[in-house]
Amino acid sequence: MDDNEKRTMTLNLTPREMAVLEELAAKKDLSKTGVMRLALRLLQAVDAKIQMGQKLMFEDEKTKEKSEMVLI
Amino acid sequence: MQESRVYLVKSATKQLVEASLLDEVMDRHLAMWNGSWSAAMQAHCAGRVLRDKPEDHHWDWKWKAGEWRPLLGYHSFAITCEGELQGLMLVSDLKSARIQAQFGKPIVYVEFVATAPWNRPEIQTPRYRGVGTVMVTAAVELSWELGYRGRIGLHSLPQAEEFYRDKCGMIELGKDAAHQSLMYYEMTDKQAEAFRLGH
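Going line by line, the protein sequences match chains X and S. Here the first sequence stands for residues -8 to 63, numbered as in my numbering. Here the second sequence stands for residues 659 to 857, numbered as in my numbering.
Just so you know, these hints were derived from the structure itself, not from any lab.
Facing chain X, a subset of chain S residues (Cβ under 10 angstroms, in silico): (1) M659; (2) E725; (3) L730; (4) D751; (5) S754; (6) P764; (7) D847.
Stretch-level coverage of chain X by chain S, calculated; a stretch enters the list once three of its residues show a Cβ under 8 angstroms from a Cβ in chain S: (8) 6 to 20; (9) 35 to 48.
Built from N, CA and C at the ideal position, the CB exists for glycine as well.
Bound conformation, chain S alone (with noise of 0.2 angstroms):
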């Protein structure tokens, strides 16, 4: 396990707060996020209907550490500041890329990427930014440390899509079918290579 030292913005002072950076997500950041992620998720929930709900609300993350942690082609991510969890992320390194350019070429794919209910927009005023920036950022090094040149791709929930494809510089391909008509993006090594210079 390795922890690096990132940087959030503090809504509140918009001064920039040390974070740390896991790439694996252990116990301690599950109960985390069954504690007071999860509190705070159903509490912004409850009497919403579904289409109001975060499309990501029903996502449990220890179902899925379950499935993935044997796996070595499976990587979780996890960021902490101030005492708390502040986003998830879990990728894989299995897939293949769509783009012409770069067709066939193995990719780090983000399976699941989420930031603590208290850094949304839409449910608050959030108490950190650049949750997503980071995990994007440790999905391309990622990418790097396996020989990918940076190559990674993703599906995107709606709300998160001008992110992808207007702050991260992603390439996006359209609806995909196959995967309940989310948008996919993909940063080719050339892209990856401009957003780490950036970031």
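Same shape as in the complex, but just chain X (with noise of 0.2 angstroms):
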């Protein structure tokens, strides 16, 4: 198959999740299916790393407080 050929599919999506999917949208300045798409690449890239042995850290700016995002 050509990788620029693109599939569809249906997501069916709470309430919630449409709220929060429509936010994002408008923050990242991006449309819905540009945000599902961004997710997907994200938690691959994500994943990826954490197959690999490394950890997902977050730092805050002020404190360097460090905290690990455990992703299942």
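Since each chain comes alone in its own frame, lean on the hints to assemble the complex.
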């Protein structure tokens, strides 16, 4: 299959999920589809790092406090 | 994989020559990098102390390729001209903007970009000019395709700062302590529009 060929899927979201998607789309200046595609690419990249034994960390810019996000 | 026709300036004749921009670095490009590119870089670096070597002399594109290839958020580009590899670039689309006006919005981030050793003025009279401009244009175009409105960002090696600031019109946001103290640059959607019109 051509790598640029697109396939269609239907996504059913709860009202709350849809509200978050709409909020993120506005915040990120993306379409709702754009947000979902970005989320997929991001999850794949994070998962690949975790598979390699790396950790996903967040650091508070002011306090420098670090916290680890554990993905399932 | 998509191939686009682009143009470089051949220094010897000062004429525009047709080149190919591919939106995927393939094994044949890595073989070219491992061959003539690496050989030219090693020849230039032989006998020089570290500070006199090009800042990217240690970049291993074959190793980098193994890391990025399976990932959807990474995109690689190669430019070939007259049968030789002239430039390589790796970008990601997972980072967000730092400029206040577009803070938090996604950007295409240039992870690595390099022109072949024979195109660098600090090594020899360049065979071709314009590789950097073609690569920045490709990053901006990808940003448009992804819905990022042309926004891009990158950390620049010191010798390329002038190019990004003056030729590309990117905003300089200071040295980044978290990134080897390299200068960080960003292009806004409006700057990207102006850049596209000019190229």
